[in-house]
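Student: For reference, the chains in residue letters:
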Amino acid sequence: MTHPIHEAQLDAYLDGELEPADAHALESHLGHCPECTRFLDARLALRSAIKARVPRLQAPPPLVEHVRNQMRPRRPVPRVVWRSLALAASLAVVAFGGWRFGFQRGVGATLADEVLTPDSSRFWPVEGYAEGINPPSYDKQFVRDWLEQVLVDGKPWDKRAPAPPLPAAVVDATVARYREALDRLMAPD
Amino acid sequence: LELEAIVLPHLDAAYTLARYLTRNDADAQDVVQDAALRAVKYAGGFRGTTGADARAWFLAIVRNTAYTWRQRQQVDARTTEFNEELHSEDTRTDPTASIDLQQALDALPLEFREVIVLREIEGLSYKEISDVAGVPVGTVMSRLSRARQRLQRALSAQAEERA
Chain A
-14 MTHPIHEAQL
-4 DAYLDGELEP
6 ADAHALESHL
16 GHCPECTRFL
26 DARLALRSAI
36 KARVPRLQAP
46 PPLVEHVRNQ
56 MRPRRPVPRV
66 VWRSLALAAS
76 LAVVAFGGWR
86 FGFQRGVGAT
96 LADEVLTPDS
106 SRFWPVEGYA
116 EGINPPSYDK
126 QFVRDWLEQV
136 LVDGKPWDKR
146 APAPPLPAAV
156 VDATVARYRE
166 ALDRLMAPD
Chain B
1334 LELEAIVLPH
1344 LDAAYTLARY
1354 LTRNDADAQD
1364 VVQDAALRAV
1374 KYAGGFRGTT
1384 GADARAWFLA
1394 IVRNTAYTWR
1404 QRQQVDARTT
1414 EFNEELHSED
1424 TRTDPTASID
1434 LQQALDALPL
1444 EFREVIVLRE
1454 IEGLSYKEIS
1464 DVAGVPVGTV
1474 MSRLSRARQR
1484 LQRALSAQAE
1494 ERA
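So the sequence lines, in the order shown, correspond to chains A and B. Quick note, the first sequence lines up with residues -14 to 174 if you use my numbering. Quick note, the second sequence lines up with residues 1334 to 1496 if you use my numbering.
Keep in mind that the hints are not guaranteed to be accurate.
[Said to hold, decoys possible] Over 10 angstroms on every C-beta distance to chain B, these chain A residues come out as not near it, computed from the model: (1) A6; (2) P19; (3) V156.
[To be verified] Keeping only pairs whose Cα atoms sit at most 20 angstroms apart, straight-line, the calculated DMTMM-like set for lysine to aspartate or glutamate is: (4) A:K36 / B:D1439; (5) A:K36 / B:D1345; (6) B:K1460 / B:D1386; (7) A:K36 / B:E1455; (8) B:K1460 / A:E2; (9) B:K1460 / B:E1444; (10) A:K125 / A:D168; (11) A:K36 / B:D1433; (12) B:K1374 / B:E1335; (13) B:K1374 / B:D1386; (14) B:K1460 / A:E4; (15) B:K1374 / A:E50; (16) A:K36 / A:D0; (17) B:K1460 / A:E(-8); (18) B:K1374 / B:D1363; (19) A:K125 / A:E165; (20) A:K125 / A:D143; (21) A:K144 / A:E133; (22) A:K125 / A:D157; (23) B:K1460 / A:D0; (24) B:K1460 / A:D7; (25) B:K1374 / B:E1337; (26) A:K140 / A:D130; (27) A:K144 / A:D130; (28) A:K36 / A:D26.
These aren't lab readings, by the way, just hints derived from the structure by calculation. Predicted model only: the values in this text are computed from it and were never measured. Think of the CB as a built atom: it goes at the ideal place given N, C-alpha and C, for glycine as much as any other residue.
Let's have the full structure, built from the sequences with the hints guiding it.
Tutor: Okay, structure coming up:
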């Protein structure tokens, strides 16, 4: 517009968002500006069209019920999240690796061994989960972390076989993690 | 305010925002559930005292959750075949198409869609929208005006078609 009044100001005026002094100045401008008046008319028409055709929605009852349960103060129920991408990727690996291999060679046990275990899928407790961080997880990351910091002959392990022997405490803690992942995943919620 | 009083009265608003941002029911429900979990987690960070404060606070979480959802969806889209029609955010590519107002809204970029929903449907003030969307009030003002401009174009194109 080659115009002292900006469109966004007219919108703000209709929305009741202009300072009283600005609103007053705009109103006196409107008195002799058919262009601005047409603009406001069109905006009012749009507003009623939106009101009529873009409804406010109601949350579906099952959703309300679900959220209500989430809110209910109680002993925190163990919950686990998995990243859908990681899951999809691992399933793809299983599908193209384990399943085909298993079915073609007739070793069905490969499938049972792999699907949704913490080796093929990664699980994090939801309490410590947030975007962009690496939360404590229920998988072999625990072992990896230990291997990252272990010293062999006073130096970090060079990642070549043979790996340094895992201390019993690390083995036990890993087993406990896998077991907790299983318990949490299988817990009735 | 108790957490229930912060979240439960605003579930319709939350679902409405999520539904228009994700453009489908299943994802909207996921977003609201996820947002409610985040609300439980971050409840200690709520500093407001009124129902309006609670609404803006919870809608901000819903909004951010929806944006996270979209990022994930975009990652997924990169790994699957790109569906031009599904992901189109601008209908100008086909000016002869008959465009309903709601379709025109669905076709707006996310940051335009959210200001329309928050203002026209939920009736939030510019300040509240700025809190929810995490942008300055001036940005809210200009986005709202540009979003309306686009919707109005769609509306008048439709009127011309009928004439």
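Student: Starting from K125 of chain A, check that the Cα of D143 of chain A is at most 20 angstroms away, please.
Tutor: holds, 19 angstroms
Student: Taking only the CA atoms, is the gap from K1374 of chain B to E50 of chain A under or equal to 20 angstroms?
Tutor: Satisfied, since the Cα-Cα distance of roughly 19 angstroms is no more than 20 angstroms.
Student: Does K1460 of chain B pair with E(-8) of chain A here, judged by a C-alpha cut-off of 20 angstroms?
Tutor: holds, 19 angstroms
Student: Would you mind confirming whether the straight-line C-alpha gap from K1374 of chain B to E1337 of chain B stays at or under 20 angstroms?
Tutor: holds, 13 angstroms
Student: Just want to verify: A6 of chain A was marked as not at the interface with chain B; is every Cβ pair farther apart than 10 angstroms?
Tutor: Non-interface label stands for A6 of chain A: nearest chain B Cβ at 17 angstroms, farther than 10 angstroms.
Student: Quick one, are K1374 of chain B and D1363 of chain B close enough, alpha carbons at most 20 angstroms?
Tutor: holds, 17 angstroms
Student: Taken at face value, is the distance from the CA of D130 of chain A to the CA of K144 of chain A at most 20 angstroms?
Tutor: holds, 13 angstroms
Student: Is the straight-line distance between the alpha-carbon of K36 of chain A and that of E1455 of chain B 20 angstroms or less?
Tutor: Holds, because 11 angstroms separates the two Cα atoms, which is no more than 20 angstroms.
Student: If you draw a straight line from the CA of K1460 of chain B to the CA of E1444 of chain B, is it 20 angstroms or shorter?
Tutor: holds, 16 angstroms
Student: For the pair supplied as a hint, K36 of chain A and D1433 of chain B, is the alpha-carbon distance within the 20 angstroms limit?
Tutor: Status holds; Cα separation ~14 angstroms.
Student: Given the proposed pairing of K144 of chain A with E133 of chain A, does the C-alpha separation stay at or below 20 angstroms?
Tutor: Satisfied, since the Cα-Cα distance of roughly 9 angstroms is no more than 20 angstroms.
Student: Against the 20 angstroms threshold, does the CA-CA distance of K36 of chain A and D26 of chain A hold or violate the hint?
Tutor: holds, 15 angstroms
Against the hints set out earlier in the document, no violation occurs for any number.
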